[in-house]
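Peer 1: Sequences and hints are given; from them, build the entire structure.
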Amino acid sequence: MPETALRPAADLATTSTTDEPSTHTSTPPSTPSLETGNSKLETASLTPARRQRDLARRHAELAPRCCHIKTNGLPCRSPALRGNVLCFFHDKWLNHAADDILPPLEDGNGVQFALMYMVTRLRREAFRDAEVNVPIVKQILYALQTASHNLRYVNFDPRLKSSCTDPYAAESAHDDAQSAAL
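Once you know that position 111 of the sequence shown is 111 in full-length UniProt numbering, the rest is easy, because the numbers rise by one and skip nothing.
Be aware that one or more of the hints could be misleading.
Just the calculated beta-carbon pair ranges, DEER-fashion [unchecked claim]:
(1) Ile-101 / Ser-78: 19 to 25 Å
(2) Ala-56 / Arg-121: 43 to 49 Å
(3) Val-134 / Ser-78: 41 to 47 Å
(4) Arg-58 / Glu-125: 51 to 57 Å
(5) Arg-58 / Tyr-142: 46 to 52 Å
(6) Leu-94 / Glu-131: 35 to 41 Å
(7) Leu-81 / Leu-102: 19 to 25 Å
List of simulated lysine to any residue pairs, SDA-like, C-alpha gap at most 20 Å [said to hold, decoys possible]:
(8) Lys-138 / Glu-125
(9) Lys-92 / Glu-106
(10) Lys-92 / Arg-77
Read the hints as simulated data drawn from the structure, not as lab findings. These figures come from a predicted structure and were not determined experimentally. In this text, a Cβ means the ideal position worked out from N, Cα and C, and glycines have one as well.
Peer 2: The following block contains the structure:
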């Protein structure tokens, strides 16, 4: 067996063919060779189904993302609906009757904001007309207990250096990036 057949593909590319005749046939581009940690040379065969999955995954990564800003300042980043800057959940949540002002209960921060809003409303009711309404005070105490248990899931510090504040500007920037990639 010739010595060139045992060398990795990276060494074969640098071997000069003028000194010795090459008996190595190059591998087709659809089957790239991978070198594992134990120095065995393997050939990864990409089946048509795997190629299709990889292409679909790359296509999905280029999809526009939801620009809703969560209560902690981070964007949602779920895939947006066609022709919309919001995902399915936030589109349904934000396009409903305007009488509900509580934030979506999508994380610990949203639950904490909802509890703070409810405690504020209950506090007004509990001490109306300079009288203490005991059942409402009990509800406030229960809400405070729930809020204290919820603190382990709350992080009001944004984790990103930048966040999307204008979803329509972000959509046009995403469209520009997509057209540049093509």
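Peer 1: Decide, hint by hint, whether the structure agrees.
Peer 2: Taking the hints in turn, this is what the structure says about them:
1. The hinted window of 19 to 25 Å between Ile-101 and Ser-78 holds, with their beta carbons roughly 23 Å apart.
2. Distance hint check: the CB atoms of Ala-56 and Arg-121 are about 48 Å apart, consistent with the given range 43 to 49 Å.
3. Look at Val-134 against Ser-78: about 44 Å separates their beta carbons, and that is inside 41 to 47 Å.
4. Between Arg-58 and Glu-125 the C-beta distance comes to about 55 Å, which sits within the given range of 51 to 57 Å.
5. At about 50 Å, the beta-carbon gap between Arg-58 and Tyr-142 stays in the expected band of 46 to 52 Å.
6. A C-beta distance of roughly 39 Å is found between Leu-94 and Glu-131, which places it inside the suggested range of 35 to 41 Å.
7. Here the CB-CB span from Leu-81 to Leu-102 is close to 23 Å, well matched to the stated 19 to 25 Å.
8. With a C-alpha separation of about 12 Å, the suggested pairing of Lys-138 with Glu-125 holds against the 20 Å cut-off.
9. Under the criterion of a C-alpha separation no larger than 20 Å, the hint pairing Lys-92 with Glu-106 is consistent with the structure, at around 13 Å.
10. Restraint check for Lys-92 and Arg-77: the C-alpha separation of about 16 Å stays at or below 20 Å, so the hint holds.
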